[in-house]
Amino acid sequence: MQMHKVLHAVLALAAATILGLAGAQGQTATPKRGGTLTVGFISDSKTLDPLFSVQYTERQMLYLVFNTLVKYAPDLSIKPELAESWTLENDGKRVVFKLKTGVKFHDGTDFDAAAVKWNIDQRLDPATASPQRGQLEPVIASVEVINPSTVAFNLKARNAALMSLLGERPGFMVSPTAWKKAGKDFSDQPVGTGAFVFKEWVRGNRITFERNPNYWEAGLPHLDRIVLSDLAGSVVGIQRLQTGEIDYVADLGPQDIRVLEGKPGIVLDPITVGRWFSLQWHMDAPPFNNPKLRQAFAHAIDRGRINDIVMRGKGTISNGPTPAGLWWYDASVKTPEFSIDKAKAALKEAGYPDGFQFVLSTPQVAALQQVNQLVQEQLAAAGIKITLEPASSAEWYDRIVKGLTNFTPTRWTQRADPDGLLYLLFHSKGYGNTTKYKNARVDELLDKARETYEIDQRKVMYSEVQKILATDIPMLPLFFSAEYAALRDDVKNHVWIPDQIPRFREIWKAGK
Amino acid sequence: MITMIVRRLLTALPTIAASTALLFFSVTVILGSPAGMMLGQDASPQAIAALNEKYGFDRPALVQYGAWVANAFQGDLGRSFTTQQSVSRAITDCIPVTIELTLWSILLAASAAIVLNTIPVFKRTLTGATTLANLIGITVPNFMLGISLIFLFSVWLGWLPSNGWAPWSDGAGEHLRRMIMPVLTLSAYYFGAFSIVYRAEYRDVAQRMFIQVALAKGLSEWKVAFKHALPNAVLPVITFVGISMGQLTGGAVVTETVFSMPGTGRLFVSAISGHDFPVVLAVGMLVVTGVIVMNLLADIAYTIANPQIRFD
Numbered sequence: 074m075q076m077h078k079v080l081h082a083v084l085a086l087a088a089a090t091i092l093g094l095a096g097a098q099g100q101t102a103t104p105k106r107g108g109t110l111t112v113g114f115i116s117d118s119k120t121l122d123p124l125f126s127v128q129y130t131e132r133q134m135l136y137l138v139f140n141t142l143v144k145y146a147p148d149l150s151i152k153p154e155l156a157e158s159w160t161l162e163n164d165g166k167r168v169v170f171k172l173k174t175g176v177k178f179h180d181g182t183d184f185d186a187a188a189v190k191w192n193i194d195q196r197l198d199p200a201t202a203s204p205q206r207g208q209l210e211p212v213i214a215s216v217e218v219i220n221p222s223t224v225a226f227n228l229k230a231r232n233a234a235l236m237s238l239l240g241e242r243p244g245f246m247v248s249p250t251a252w253k254k255a256g257k258d259f260s261d262q263p264v265g266t267g268a269f270v271f272k273e274w275v276r277g278n279r280i281t282f283e284r285n286p287n288y289w290e291a292g293l294p295h296l297d298r299i300v301l302s303d304l305a306g307s308v309v310g311i312q313r314l315q316t317g318e319i320d321y322v323a324d325l326g327p328q329d330i331r332v333l334e335g336k337p338g339i340v341l342d343p344i345t346v347g348r349w350f351s352l353q354w355h356m357d358a359p360p361f362n363n364p365k366l367r368q369a370f371a372h373a374i375d376r377g378r379i380n381d382i383v384m385r386g387k388g389t390i391s392n393g394p395t396p397a398g399l400w401w402y403d404a405s406v407k408t409p410e411f412s413i414d415k416a417k418a419a420l421k422e423a424g425y426p427d428g429f430q431f432v433l434s435t436p437q438v439a440a441l442q443q444v445n446q447l448v449q450e451q452l453a454a455a456g457i458k459i460t461l462e463p464a465s466s467a468e469w470y471d472r473i474v475k476g477l478t479n480f481t482p483t484r485w486t487q488r489a490d491p492d493g494l495l496y497l498l499f500h501s502k503g504y505g506n507t508t509k510y511k512n513a514r515v516d517e518l519l520d521k522a523r524e525t526y527e528i529d530q531r532k533v534m535y536s537e538v539q540k541i542l543a544t545d546i547p548m549l550p551l552f553f554s555a556e557y558a559a560l561r562d563d564v565k566n567h568v569w570i571p572d573q574i575p576r577f578r579e580i581w582k583a584g585k
Numbered sequence: 104m105i106t107m108i109v110r111r112l113l114t115a116l117p118t119i120a121a122s123t124a125l126l127f128f129s130v131t132v133i134l135g136s137p138a139g140m141m142l143g144q145d146a147s148p149q150a151i152a153a154l155n156e157k158y159g160f161d162r163p164a165l166v167q168y169g170a171w172v173a174n175a176f177q178g179d180l181g182r183s184f185t186t187q188q189s190v191s192r193a194i195t196d197c198i199p200v201t202i203e204l205t206l207w208s209i210l211l212a213a214s215a216a217i218v219l220n221t222i223p224v225f226k227r228t229l230t231g232a233t234t235l236a237n238l239i240g241i242t243v244p245n246f247m248l249g250i251s252l253i254f255l256f257s258v259w260l261g262w263l264p265s266n267g268w269a270p271w272s273d274g275a276g277e278h279l280r281r282m283i284m285p286v287l288t289l290s291a292y293y294f295g296a297f298s299i300v301y302r303a304e305y306r307d308v309a310q311r312m313f314i315q316v317a318l319a320k321g322l323s324e325w326k327v328a329f330k331h332a333l334p335n336a337v338l339p340v341i342t343f344v345g346i347s348m349g350q351l352t353g354g355a356v357v358t359e360t361v362f363s364m365p366g367t368g369r370l371f372v373s374a375i376s377g378h379d380f381p382v383v384l385a386v387g388m389l390v391v392t393g394v395i396v397m398n399l400l401a402d403i404a405y406t407i408a409n410p411q412i413r414f415d
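Order-wise, the sequence lines are chains V and Z.
Quick note on this note's numbering: the first sequence kicks off at 74 and runs consecutively.
Quick note on this note's numbering: the second sequence kicks off at 104 and runs consecutively.
Source of the hints: derived by calculation from the structure; they are not laboratory data.
Errors might be hidden in some of the hints.
Some chain V residues near chain Z, calculated using beta-carbon distances under 8 Å [unchecked claim]:
{"hint": "1", "residue": "Leu209"}
{"hint": "2", "residue": "Ser260"}
{"hint": "3", "residue": "Asp261"}
{"hint": "4", "residue": "Tyr288"}
{"hint": "5", "residue": "Asp297"}
{"hint": "6", "residue": "Val300"}
Below, computed lysine-lysine pairings styled on DSS-like, alpha-carbon distance capped at 27 Å [unchecked claim]:
{"hint": "7", "chain 1": "V", "residue 1": "Lys190", "chain 2": "Z", "residue 2": "Lys330"}
{"hint": "8", "chain 1": "Z", "residue 1": "Lys157", "chain 2": "V", "residue 2": "Lys253"}
{"hint": "9", "chain 1": "V", "residue 1": "Lys254", "chain 2": "V", "residue 2": "Lys272"}
{"hint": "10", "chain 1": "V", "residue 1": "Lys257", "chain 2": "Z", "residue 2": "Lys157"}
{"hint": "11", "chain 1": "V", "residue 1": "Lys475", "chain 2": "Z", "residue 2": "Lys330"}
{"hint": "12", "chain 1": "V", "residue 1": "Lys171", "chain 2": "V", "residue 2": "Lys253"}
{"hint": "13", "chain 1": "V", "residue 1": "Lys190", "chain 2": "V", "residue 2": "Lys177"}
{"hint": "14", "chain 1": "V", "residue 1": "Lys421", "chain 2": "V", "residue 2": "Lys511"}
{"hint": "15", "chain 1": "Z", "residue 1": "Lys326", "chain 2": "V", "residue 2": "Lys254"}
{"hint": "16", "chain 1": "V", "residue 1": "Lys458", "chain 2": "V", "residue 2": "Lys509"}
{"hint": "17", "chain 1": "V", "residue 1": "Lys502", "chain 2": "Z", "residue 2": "Lys330"}
Quantities reported herein were computed from a predicted structural model and do not represent experimental measurements.
All C-beta atoms, glycine included, are put in the ideal place defined by N, C-alpha and C.
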């Protein structure tokens, strides 16, 4: 069965649910050629070499210089990019890709099956020490060049999440020739097949990309140049947007946009699927291995009020890791409802009739600090005394991974496939399972869903997982964030993908 | 004087060694291996272990430090673990930016502090105003001052671009125009600090007999202030300038951040957050050297400002 047909079914399903959410503006007018788009961003970028990329802001640039084998549509369905089509063979354990022909890297070398093989092999090679090895190695047994425009991936097991991986970091195709020549300097001399060619990186100041005149997608790109300019913070970004020095700034929260609301010349474009905010604890040790205690916490938290205050009511209350709008969302999953009486009763049953106290890790991140203050206030009403413990934001997540932090808020971005976040956080072997949650049924369902290509069957399995999570509460869901990009109104064709990485490839400027 | 300079430089070596060792152990022991930062949030424990082994992050800190010193002695500062960039290149890219910002700011701060506090008319009529300016300079945090300047000059008046910095390759005019706000921001604190030091000394000098005699002889107030009082009151400012310039080789983190300037301060902060010890150590070494060299220059300047002082 053709894999992309399965995925088209996903598309139909997802499109039906989130139709109208995506792409707020400007697809009707004719694109205009030329101009410079200046983007302000708070940079955490370290490298533009896709093989070593781990930072969040690197990806918006990687999507300019490089193409991926497949791409995400606004509903997270998988579309062809450098791979034109693909078929499944050998009981789903072999994927054969037909590649676009005539595509060239910026250094003039050909993109072909051998380049694809080199890209995957290089990531798999332990000597490279690519962070993506951990994602690819459990899935891919070997890559086989069949002819210059056909390449086959032999899989270790059936894997429904592979295609979504090839739409992000593991799927960026770099020029093997340029990579070998530059060595570690590829970090700031990236060469891909993308719509924009890397020009210059003044670290800490700006990064410039120029239009690729030989780009293979007809009619693209529209812009002549894209400059990404470093910002000290959202406040500076908002100021610079108002002076017209930058055209675009993303990652704005509901509090940030107050000053921009209703300003002429500025458009606010909300993301379609927010980040998941939750509280987590250690499931394998007292006190939180006590299910009644977790239930008491869940009943004591008023998620609606947290959303009203932290997100100005613009976020969505969460009952689990999956927001409405993604195909694996199940509306019947419910977290224990807010009720002080039930919280007190559960606390008593948990063996704490005289109340309970604990520390909550509080990183220096404004949104998480606000969340923690509200959590502290709400739990106090149920007889739970919380002390906020400040944590340096640089070390905070590191300490969670090392098991040094027990009770803490966390936030996660959605992945393009349910296997991404659900397996990572809740499978006992998940790399991000810092709660040490272990449920045999959840493990079994996640393993099985990973090997199942049929979307309807996967949905049933993921629903069951989410229902178990709502009872076990390894992580206590709070809300999905509301976030915004603010654009000058002459910037057209901005479309959000639920992975929250801004895409500039197809943007054009109307000019004044 | 030559022997003094040589002796000073020689004692600098153990200082540099001790401070890099201290930095190294704080970075590796407190922050830990950079492997987690290099592999990202989703990394498996196996991948982290493999990377630790590949780069030798699992070796005892003393062994790792020894290896770093051995390479540094051969002029090889290594590569950043997170950006892959060669450390010497990262540093040589940053230094000119930081030095330029430092020079302009200290020059502006020192000359404004000295001149404003020497002019007799100002001293009588504007004492309140300069005191207020000093206080603002010292107390208002650079982040707030920088953002307020952006708000005033870029958003309201529209005179200056809000992005504080542009490379020389954008043209000298553009580059200098964009230096104005960062220099104003950074010099505010130093203006206040230099003023206070200078004023205290000046008041002292003004009481002395030779000033009274000069005035009694009928020399003009201006001439007495600038020719007789100033050179005698300026010494503490020179020391302070030396120390400040030395410290600023480590970059002005806040000012560089607000105005997106690619200086050593930003490099240092991002290296610490990335547990990137080759970069942390290199910048640390630079700061220590900077402080030592600048103090030395201040001492030499002493002998020029006041020929009575000799180093023998």
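Looking at the structure, which of the earlier hints fail to hold?
-> 1, 4, 5, 6, 7, 11, 15, 17
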